[in-house]
Amino acid sequence: MIPPRFDYARPASLDEALQLLASREGEAKVLAGGFSLLPLMKYRLAQPGLLVDIGRVAGLDAIEEVDGELRIGARATHGAIAGHPLVAARYPLIREAAGGIGDPQIRNWGTIGGSCAHADPASDWPAVIQALRGSFVCRSLGRERVVAARGFFLDVFTTGIEPTEVLTQVRVPRPGPRSGGAYVKLERRTGDFATVGVAAQVQLGADGRIAEVGLGLTAVADAPFAAGDAEDALRGALPTAEKFREAGLAAARQARPTEDRHGPVDYKLTMVRVMTERALRLATERAQANG
Amino acid sequence: MSRVLGRRFVRADGLPKVTGQARYAADLVLPGMLHAAFLHAGVPRARIRRLDVSAARALPGVLAVLTQDDVPFVRFGAAVEDRTLFAHEVVRFEGEILAAVAALTPELADRACRLIEVELEALPPVLDPEAALAPGAPLVHEDWQDYSANDGIVRDGNDCGFVNIVKGDIEAGFAAADEIVEGRYVADMSHPVPIEPHAVLAQWEGDRVTVWSTTQTPFPARNGLTRTLELPESAVRVVVPHLGGGFGGKCEFHFEAHVAALARAARRPVRLVFDRRQEFTATDMARHGIIATFRTGVRRDGTIVAHEASLILDTGAYATHGPVITEIATMMAAGPYRHPNMLVEGRTVYSNRTPAGSTRAPSGPQVCWALEQHVDAIAERLGLDKLEFRLRNIVAEGDEGPTGQRFEKIGARESLLEAARLIGWGRPLPPGDGMGLAVGWWFSAPGPAGCYIKLNADGSATVVTGAQENGSGSVMGLALLAAEELGLAPERISLVYQDTDAGAFDSGSSGSQTTFNVGRAVLAASAQIRDRLLRMAADELEANPLDLELVEGVVRAKDAPGRSVVIAALARRAQDDGELITGQGNPPAPKMPDSLGGSCAGRVAFPAFAAPAFFAHAARVRVDRETGVVRVLEVAAGHEFGRVLNPIGVEGQVEGGIVHGLGIALSEGTVFRDGNQANPHLLDYKLQTAADVPAMKIAFVDAPAADGGPYGSKGVGEPPVVPTAAAVANAIAAATGVRVRHLPMTPVRVWAALAGEDA
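Just so you know, the sequences run in chain order A and C.
Whatever position you read off the first sequence (first residue = 1), add 36 for this note's numbering.
Whatever position you read off the second sequence (first residue = 1), add 5 for this note's numbering.
Okay, chain C solo, but in the shape it has when bound (with noise of 0.2 Å):
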C-alpha cells in the first residue's frame, strides 16, 4: 500500500457524463423502433368488470396492445409472489398497468392508451397500516395464502413480514429501570427520485431478446424476465447503457418483460421512457412510511437496560423487498448500542399504496430519524448531555449486536467523537439555532461475485464483471483495485460491465455490496495475471518470483528497482508465443456474523450485519419558530468505513448522502389524497436543490476492518443517507424545545409542533 488506493481518483465515467457523450436508456434509437405507453388504473382499489382493448388495437399506427390475457400467468415478486405483469382481475394500487401499447409515435400509444374502455368497480382502500392489521380488516391479497414466498414469510392477514430481536429478559431489565421513556414517531412516505426515469428498449432477434433497461440489478431483472415470459436464460441478454442514478428505486425486476412482450407481438423494436408521474405513482421501490413506538428502561447512571420497539412499515400493494427490509429496520430499532435486554417487533403491511422497496438504506433513515430523537429524549430525561449518553452507551470492540454477533474492531464511537468535533459541540450558540446528534450502523452484504481480468497485449487491462454502476463509482472503483494489484495506472484498465451476456452473474448496485464483493473477485482474478507475470519476469531477471513487485508498468527487483522488464513486453511476448494471459475470480462469499438464532430475524435474509460500517452526523440549524422553516446551516460527518479506498469517491458519497438525507429530513414526502398521490411530481414533490445545501465537514476514522472486504473496506453507498436526518431533528427540538414527530419536518409540522399541536 499504496500507489493506488487511498490517492484521489476521478471516476473514468465522469467526463463523458458531464460533456453529454454517455448515452443513456432513452437516448437509445433503432431502426424501426415502436414506443411504448402503459394505461395505469389511476384508482387505488377496484375490481376490473371490463377492460376492452379493441378500439386501440384499431387505431391505425398501433402494433401491439397486450393485457394479462396476452402473457403467461405468472406470480412473481422478491420476497414473496404477489404480482402479475399486469392486474389480473383486481386493482391493488393507482399505478397498476392495465394494458400496454406500442406504437409508431409516443403520441399515437398515448391516444392508444385513451381509447382502451376500461370498466372498475371502486372498493374502500386499505391505508391505515395499523387498522390494516386489525382481525377482520380488508386483505389487500385475498388468497395470498396461495402465493410461493420465501420461507421465512409469516402469513398473517395483511402482515407479510413479521420480524423480531428477543434478547435477554425484556421485564426484568425494565424492573431494574429508574427511568423508563416512551415515544412514538411516524415518517410518511418518499421515493428516490433518479434525474433518469425507467426507460426500456427491447429488441428480438430470432428466439432472442436483448433489452436495454435502466436497471440496477441486470441480473435479478434478467431472472424477471425470463420467468413472467417463461424464456431460458440464454435467450435474455440485459444490458444498462449509462445509469442516470437509482437510489435503489431500479432494483430488482420492473418494466423489462412488458416491453419485451410489445417488442415480440409487434415484431419490431419498442422502447419505453417513463415520465416523472409515472416515475412517483408506477414504479416499486418507494421508502417506507413507518409508525414507530419505542419504550426504554435507564438507570440513572443512563445505562440502557431495557429497550423495547414496534415498527409498523406501509409496503403497499405488494412485498417487493419489504419484509427483508423490516428485518433490517429492527436491527436499526435497536441502534448501535448496548442492550442487554431487548425486544424489537417489525410488520410489514400490504396497503393499496404504491408498493415500497429498496430505497438507499431502506428503512435506515426513517428508523434511525425515530430512535435517534427518543434517544436525545431519554438523556433530556436524565438531565445527561446528549454526547454523553451516546458515549455511554455505544458499541465497541467485543460488544454483542442485537441478535448476538461480536463486534471486531469497530468506530463507533470515534465516528461519534469525530462528527462531534467537526460540529464544535457544545459550544454556544445564537439564540434560535440548536444542535442536534445522531448515530447509526449498516451493513455490508456478502454475496456471490465473479470476476475477468485480460491483460491486452499492450499491458492494458481489460476487467469484465457482471457488476451494475449506478452512480456512486463503485464499478469504476474496481479499476483501482485492478491497477493497484496489477501496478498498472488506473487510465490503464477500461471496464466492461452491467451486460448479463459478458459477466458473471451479480446482485446488482443494491445492499452497497460492489466493492465489498466484486472486490474481492477482481482481487482474486488480479492475483492469477499478477502470477504469471512474476514467473515470467523471474526467468527474464533471473530472480525469485518473492523477490519481484509489480510497479508503475514494470516487473522489478525490490531491491534494485533498475531491474526491471516493462509488462507491455510480457504481454507482447506471451501473445506471440501462442499465450493469452487472463485471469478469474470467483471467492466464496464471506460468512455472516453468528447469531443467537432466538429471534425471527434472519430469517428471510439478515440475522446480523455483516462487516458494519458505524457514523454519526451532527447538524447545527436555524428555527424560524414564525414560520416552522428550518435552515440547516451545517452538517458535519464521522464515518467509519474500514480502510477508505478512494477518499474523493467517498466523501462524493457522504455529501450526497447529507443533502438526501436532508430532503429526507425537511421537505420530501409523499401526500395521499384517498389512496391517489397528491403530489406526484416535482413542483409539489420537494427535493432540496444545491441553493438548500450547509457547509459539510467530513471525516473518517480510517482503518482497516478485520472483517471487511478488499484492503478492509466496507459499503460506502448507503450509510451517509443514514443519520442526517435524524441529527437535524434533534437540532430542531434542541433550538425550539420541541421535538417533531412526524417525517418529513415541513414548515407547517414544525410550526404546529412550535404551537403545542401534534403535528
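Bound-form chain A, shown alone (with noise of 0.2 Å):
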C-alpha cells in the first residue's frame, strides 16, 4: 500500500495554489481532508504528479448565510458543519447529513468541499446539495464561477470542475416556512458507506399540497444525481403514502446501480424505492411542523 511518487506543495494562499495548479495543469490535485483521496492513491486508482494541500489557506471554512442563502467554505469539516448552530436552526438535511458520515475521527478531518470535488459514486454531500438546488463556487486565477450542482457530477470520481479550478464554496439556498428536509441513508453498519442514500427537500404550500421537492440520491449511479421523475410526479400533489411510492419507484427507474459488496441490483433498486419513501416522509413530516 504504497503510493507512486508525487510532488507535494502546502501554499499559504489560495492564489499560490491556482498558480501551481495552473503551472501543472491535469497532473495536480488539491488535497483538503485527504480520507478519500489519499486511499486512492495508495490502491494506485489515482496518480497525481502534484498534491496541492490547501489546508493552511486562511478563509476557506467559513459557515455563513449571505442573501438569502448558506455559504460553507470548501474546507469546513462535516463535524464543523454538524455542529454549526445556523445548521441546526435551519438545514436539517444538512445536519442530518453530515452527523452520519463516517465516524468522528472522519468528520473532524473530510471537508465538504474536498468531498464534493472528490465526487465518490457513493458520497453523502453531492445528493444533499442536488436535492437543495444548491450550487459550487469554483475559482481559478482570476476567475470565479457558480456553477449549479444539478449537472455538476459528471461520473466516477468525475464532475464540471476544471483542473485549474479549487472549489471554494458550497452554496445552499436558505429554505422557507412550511420546508423541512430528511437524510436517510442505508448502512451495513454505523458509519458506512451508503447502499442507498437520499436527500429529500420538501416545501409544502399553503393547501398541504407540495409545491417543491428535491430529491437526491446516492451510491446508485455511476454519480448522485437529482430523481428529476419523482420529483415531477409529486410537484402539486398531496404527500400521501401513495405518491410517495410512485416517486419511489419513479426514482428506482432512474436509478443505475451495480452489484457490489452492499448487494445485487434488485437489492438497491427495491432500497431506492424504499429509501425514498422514507426521506419523503420524514421530510414532508418536518415541513408540517415548520408551519
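FYI, nobody ran anything at the bench for these hints, they're computed from the structure.
One should not assume that every hint holds.
Chain C stretches covered by chain A per the calculated footprint, using a threshold of three residues with CB under 8 Å from any CB of chain A [unchecked claim]: (1) 108-117; (2) 676-686; (3) 693-703; (4) 745-755.
Partial chain C-side listing against chain A, Cβ under 7 Å, derived [as the list claims (entries may be wrong)]: (5) His146; (6) Asp280; (7) Glu631; (8) Ser672; (9) Asp689.
Among the chain A residues that face chain C by a calculated CB cut under 10 Å, a handful are [said to hold, decoys possible]: (10) Arg41; (11) Lys78; (12) Tyr79; (13) Arg224; (14) Arg225; (15) Gly227; (16) Asp228; (17) Arg297; (18) His298; (19) Tyr303; (20) Thr306; (21) Met307; (22) Val310; (23) Met311.
Idealized CB from N, CA, C, for every residue including glycine.
Starting from the two chains in their separate frames, assemble the complex, guided by the hints.
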C-alpha cells in the first residue's frame, strides 16, 4: 500500500494554490482532508504528479448566511457543519447528512468541498446539495464561476470542475416556512458508505400540497443524481403514502446501481424505493411541523 | 480466599497501552535496518512457469531477494507438513509468497517486487468444498500422500481430516423418534482482524538470530524457524514486544523465517510489516467456512433420541490446524445436550482459498450458529418453548459427553437460566422485535507449563514465564495468582514473558490455556517460595510454620496478627546471608477425561473436552423487514468458567466476545470472486464498531470446578465468542418467522429470506 511518487506543496494562499494548479495543469490534485484521495493513491487508482494541500489556506472554512443562502467554505469539516448553530436551526437535511458521515475521526478531517470535488459515487454531500438545488463556487486564476450542483456530477470521480480550479464554496438557498428536509441512508453498519442514500427537501404550499421538492440519490449510479421524474410526480400533489411510493418507483427507474458488496441490483433498486419513501415521509413531517 | 482473587484488578499493561507508551513489533527500529516486502502470487491456483528476480536484485538499494531456491527445501505444517516457505512449482492460494525482498526503504522494496518477472499458468481453482470431495476431483495437493503428517490424519482425496463421533445406535434412535427434523446451514469464511498487522524484525549476531515477532505462540514460531532454516533451538530467540491483538490469527509459525533468511542474506537487520490486504489474503488462520447438515429425531415430550450431523470445513490451501479444528467442530455439533444415539462426521477439505486455522474458538461460532438454529427448529416442530426444550435436554453432572466423558459438577443449566433471566425471556415484545437463545460449551486445553519466580531483596517478586499475552489479560492475571500465594500486592509482582530465551516452553495464547496451565506452574513455583518464607519466619517468630500465613507483605501468626515479620526483611536477610529465594514450577498437565474410544475424534488431539466451560447467550433484535437490516438491541450472557479469578478481566473477555460474535453474526464474511478475496480491506469487510454495540448484561455461575485449573478456574478467552451469532440468528427468526441459513446474516440475506428466497 505504497503510492507512486508525487510532489507535494502546501501554499499559504489561494492564489498561490491556483498558480500551482495552472502551472501543472492536468497532473495536480487539490488535497483537503485527504480521507478519500490518499487511499485511492495507495491503491494506485489515482496517480497525481503534484498534491496541492490547501490545509493552510485561510478563509476557506467559514459557514454563514448571505443574501438568503447558506454559504459553506469548501474546507469546512463535516463535524463543523453538523455542529454549526445556523445549520442546526434551519437546515435539518444538511445537519442530518453531516452528522452521519463516517465516524467522528472522519467527520473531524473530511471536508464538504473535498467530498464534492472528489465525487465518490457513494458520497453523501452530492445527493444533499442536489436535493437542495445548491451550487458550487469554483475559482481559477482571475476567474470565479458559480455552477449548479445539478449537472455538476458527471461520472465516477468526475465533476464539472476544471483542472485549474479549486472548489471554494458550497451555496444552498435558505428554505422558507413549511419546508423540511431529511437524509436517510441505508448502511451495513454505523458509519458505513451508503448502500443507498436519499436526500429529500420538501416545500409545502398553504394548501398542504407539495409546492416544490428536491430529491438527491447517492450510491445507485455512476454519479449521485437528482431524481427528476420522482420530483415531477410529486409537485402539486398531496403528500400521501401512495404518492411517495409512486415517487420511489420513479426514482428506482432512474437509478443505475451495480452489484457490489452492498448487494445485488434488485436489492438496491428496491432499497431506492424504500429509502425514497422514508426520506419523503420524514421531510414532509418536518415541513408540516415547520408551519 | 482471598485478598486478591475475585477482586477487580486493572491489568498492569493497560496504562502503557492506552497512553501510547507500549511498543509493538512495527515500532522497533535497529541501526542499519532494512525493509522487507513480499511478492504474492495474486492468483488462487497456477503452475509457476518462470520466476526471474534478476532485475529486482540489480536495483540499487536492494540487498536481498529470496525465493524457494534460496532456502532449505523443508515442508512444514501443524497437522500436515504441506507447506514450504515460498511457493514451490505451484501456487495454491492468492497470498502464496513467490519472493521476498529486503531493501533500504519500503518504497524500494515495493519497486523491487514489481521488477520480478513471473510467468504463471493459471489452473482452474478448487473452490466448492462439496465438489472437492467428489471422487476424481482435482487435488489441491497432488502428491500429498508423500507428506509427513500427524498419525491420526486420514488422507482421502482433498479431505485432510476425517473425524467422526459414533455413540449408541443411531438407526434405533431414529426408529424411536416421533419427529425427525433436518436442516442445512452454510457459513462463509471470516477473519480474526487484529488491529495490529503481522510484523517481524530479525537480527543476526554470528550464528544466533533474535526475532521480534507478532506471534501468539513464540515457541511454535521458534520451532518453525529452526525447522525451516535448519537451526538448533539454542540459536533462535523469539521475543514478542506488546502484541496488538491476535484472536488466533497469530498462532503458529508465519513469516519469521522469511525475515530471518533475508536478514542473514543481507547481513543487516530486516523488518517486515504487513498491510491490511496482506493481513486478509496472505495469513493462514482465517475462520473456516463450513457447511453443516443436521438430522435429529425427537420424541413428542421433547427428548432427543437420535442426532446426526455432517460438517464440511473448508480449510483452504494448507491444513494448518484444520484437522484438529474439525475434531472440535464435531464436539460442537453435538452441543451440550444429552444424546443417547449420535453420528457426527466432519471433513476437512483443501481448497484454493486462503488457509483457515485457529481464529478464536475455531469452528465454535459457526457450528453453534448452525446447531442452535436447528435446535430452535426442533422446538418449533414440537410446539415447545425454546428455553423449555433446551432445559429438557441440556447436560448436567453425571451425564455422558459425546465421546463418553462423565461431566463433573457443571453450570450448563444455570448459565442458560441466567441468560434467560437477564433478557427477560418470555416477556411481551413490540412488533418487529424478537428474542433468541443459544447454548454452547468449550474446552480448557491441558498442556505442559513451566514458571520461575524470584523474590527480590525488597520483597517484590518477578515471574518468568514463556506464556504469551495476546491482549486477553491472562498473563497479567498470573501476577494475581502469585500475589495471592505470596501475600503480596499485585503491583509488587513484575512479569517477564513471551521470550523464548527466558521462559520455559509454552504452547502460547491459544486454546484458552494460559491461566489453566501456566497458572498451575505459578502456584507450584510460589509454593516453594512460600515454604521457604514460612520456615524463615517460623524460626524468627518461634512458631510452627503451619500456624503462620502470608498476608499483605508480612508473614504473621494466624491467631495473633501482631506477631509478624516483613517479607522484604526476610528476603533481604536471605540475600545478605548468601541465599537467593526462588521457586520453580513445572507440574504435569492434567489428564484428558476418559472417552469411549469408539470414534475417530481424538486421533489428532481432542478425544474429549477437558474442564469444559458452559454458557448461554440471549439476544433481542429489531428487524427492518423492508431493508433486512438487523439491529441488536440487547445481549445477555450467562457463563460458567468455574471460579472467576478476576471479574473485570472476565467481563472484558465476555463483552469483547459478544461484539466479536455480533460481527460474525451480521457483517463479517469474506467474499470470493474466482478464488480471490473480493473484500480484503476494512471498507468492505465490516467489523462492528462502538456505535453498533448493544446493551450487554453478564452473569457468572461462579463456583470452583473440581476438574478446573488454579482455584477451580477454566479457560475464558474463547467461550464468549461462541454463542452470540446463534442467539442473534434465533432472535431474527423469532422476529420475522424466517430462518437465515447463511452466515453472516447480512441485510441482503435477511431481505432475501423474508422474500422467500433461499439466501
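Right, here's what the structure says about each hint:
no. : hint    : verdict
1   : 108-117 : holds (count 3)
2   : 676-686 : holds (count 3)
3   : 693-703 : holds (count 4)
4   : 745-755 : holds (count 3)
5   : His146  : 31 Å, violated
6   : Asp280  : 4 Å, holds
7   : Glu631  : 5 Å, holds
8   : Ser672  : 5 Å, holds
9   : Asp689  : 4 Å, holds
10  : Arg41   : 8 Å, holds
11  : Lys78   : 9 Å, holds
12  : Tyr79   : 9 Å, holds
13  : Arg224  : 5 Å, holds
14  : Arg225  : 5 Å, holds
15  : Gly227  : 6 Å, holds
16  : Asp228  : 7 Å, holds
17  : Arg297  : 4 Å, holds
18  : His298  : 8 Å, holds
19  : Tyr303  : 5 Å, holds
20  : Thr306  : 8 Å, holds
21  : Met307  : 6 Å, holds
22  : Val310  : 5 Å, holds
23  : Met311  : 8 Å, holds
In the structure shown, a violation is registered for the earlier hint numbered 5 alone.
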